[in-house]
Amino acid sequence: MKLSGWGRFPRVESRLALARTQDDAVRAVTGGRTLIARGNGRAYGDAAVNPHATVSMLGMGRMLAFDPADGALTCEAGVLLKDILDVFVPRGWFPPVTPGTKMVTVGGMIAADVHGKNHHIAGSFGDHVLSLDLLLADGRVVTCGPDRDPELFAATRGGMGLTGVILRATFRLIPVETGYIRQETLRAENLDVIMAMFEESADWTYSVAWIDCLARGPRMGRSLLFRGEHARVDELPVPVRSAPLDVRLRHARTIPLDFPAFALNHWSVGAFNELYWRMGTPRETLIDYDRFFYPLDSLLEWNRIYGRPGFTQYQCVLPASVSAAGLRALLTAIGSAGNASFLAVLKLFGRQDGVMSFPMEGYTLALDFPASSATFGLLLDLDAIVADHGGRLYLAKDARMGAGLLRRGYPALDGFQALRAARGLDRVFRSVQSERLAI
Amino acid sequence: MTATTGPVLVLGAASDMGRAIARRYAEAGRALILAARSPERLEADAADLRLRWNTNVRLAAFDALDTADHGAFLDRLGVLPDTVVCVVGLLGDQGESERDFAAARLVLDSNLTGPASILGEIATRMEARGSGTIIGVSSVAGERGRASNYVYGAAKAGLTAFLSGLRNRLSKAGVSVITVKPGFVRTRMTEGMALPGLLTADPDEVARAVLAAQAKGRDVIYVRPVWRLIMLIIRLLPETVFKRTKL
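Chains as they are written, first to last, in the working numbering: chain A, 1 to 439; chain B, 1 to 247.
Zero decoy hints are in this set.
Result set (EDC-like, lysine to aspartate or glutamate): computed pairs, CA atoms no more than 20 Å apart in a straight line:
#, chain 1, residue 1, chain 2, residue 2
1, A, LYS82, A, GLU177
2, A, LYS2, B, GLU191
3, B, LYS243, B, GLU143
4, A, LYS82, B, ASP204
5, A, LYS82, A, ASP290
6, A, LYS82, B, GLU27
7, A, LYS82, A, ASP246
8, B, LYS172, B, ASP219
9, B, LYS246, B, GLU98
Computed Cβ-Cβ distance ranges for the label pairs, DEER-style:
#, chain 1, residue 1, chain 2, residue 2, range
10, B, ILE230, A, VAL12, 33 to 39 Å
11, B, ASP75, A, ASP234, 55 to 61 Å
12, B, ASN54, A, TYR276, 38 to 44 Å
13, B, THR240, A, ARG27, 45 to 51 Å
14, A, ILE174, B, ALA28, 27 to 33 Å
15, B, LEU237, A, ARG27, 40 to 46 Å
16, B, THR113, A, ARG148, 49 to 55 Å
17, A, ILE121, B, ARG41, 38 to 44 Å
18, A, TRP277, B, ILE230, 53 to 59 Å
19, A, ALA243, B, ALA28, 18 to 24 Å
Don't read these hints as lab results, they were simulated from the structure. Just so it is clear, CB atoms sit at the ideal spot from N, CA and C, and this is done for glycine as well.
Make a model of the complete structure from these sequences and hints.
Below is the structure:
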């Protein structure tokens, strides 16, 4: 069957097998073919696709143990973040780190070492993993963690499934009083202002900005900053205080069909951006966690708004010292190319040590574009800017970068390769992405 | 009439359909007894159900083919469940069944003799109590024997008739009997087969249909309604035509 990532580009004919148990996964690994594990298919590009064998972990979706004393949850790799939220928010627990969608698996979150709006405070998801069970190339299952085979653990975080199949993991949830977020919205007139605002918001648990990539001149980089804190019970309106964790979730709507390819263009996105900017009046609001963290999940299959050709995400990070110059160069290139990016997100990361983990201290910019030749031309220009500034791209979003850019951006790649080779992992665990990037 | 609060016994709980059905009953707040040949393989499933739904889950060893033990199996449970869902079955390989009657017998026993034994025993006990629901997962394959799987089809035809008879017998005793005909389902049993998308259900769809059928007091359900029409046509085809078809 044809498999692709969330961006629906590229699509690759591949063999998909469902792992229901560890034995299924062992059989797949020892079957003499190269393979890659796949979670819920939310990586945008070709990271979780292997034409020879792609092993869906969705059959291993069992929660195994929870310790209310310290919030440690043990579950199989195919458990969805949505299920964790559904089960544990009503009991007063919240994931320590969450990406912008809850339709991801635990295994996928570790393999991509996902980050969230609290990266500057909490680090990435892998920072909260206490241990994980990894299926290796020879069919053995080993347990690793920060204090148990830490080299293998560090390489598995952000390792995109190239060190083995993550079967189970234990990580710590954080206690919350309510299912609500106290959100502040701030308007920033341009890039300098938004960067200053981020730096002033270092004490806020969550911060993220929507940035208008089409604004030019003195308004270049105009943004809306959203920052938030888990609301305490005494911050809720009185009628809600009796059931502070009982958040009524919205019903998700499904995008009924593929939009025509021209639906999102420079003008429609420009009009949207103008409207969104004007509506972003500075204010403080109380919203449920679902609206704060997962605004797009209420539109199931929203990737179809890009039509059949699909789309590609572009997420880069630039070192803090050169972020200002680098962002200016990126925004100039995007603004003059006239490609419309519907979603553009800016965030200041905190410090991060890692092997293949994406975050580094500095600014990250995430954009999405329809998959087209004009887009790929622009992205090559952006690649050059990212490389010149010592930045890198996020593998979970990538569908098209070249091996050279990866090598420059991830200095620990050689060590990662050496570990895979030494343990015989490179012969088995491969994806379309790893072949493209010569990992 | 329909008990909807007491424990649910799932026979064949290690199957994809059994797991999906257990999940939906746990979500509905029902306590569960998961019965399978190797119940230790269900420890992780039981832990999951307990964690997610705070529900009471027990595991029990059950071999559908060991009919001599079926009465004792029920005694060991210590409680007669309110609802019993039987998902026990074996598709087998038609070619092998043609070459080797031992293979055919295994298909017949797994789909008919075993379920008839345990469900018959449960029926008698529920009849004495005067309440309960028996849900048997049969198959559309039982509606007309076809060259491609008539041994399996014969067993399912027998099970369908058996459930129909039980329903008839127990209708005045306060015991409901529901026959479920899923059509194609994406399970381990059908992995690798090319199944038509519109006719193929996920195990969870079967599970939801099972709970809905119990809630509504239905007798016979097709999980996807289109199967009712398809099987009507297949049943109506004259034998002179049917025998030449490749279905």
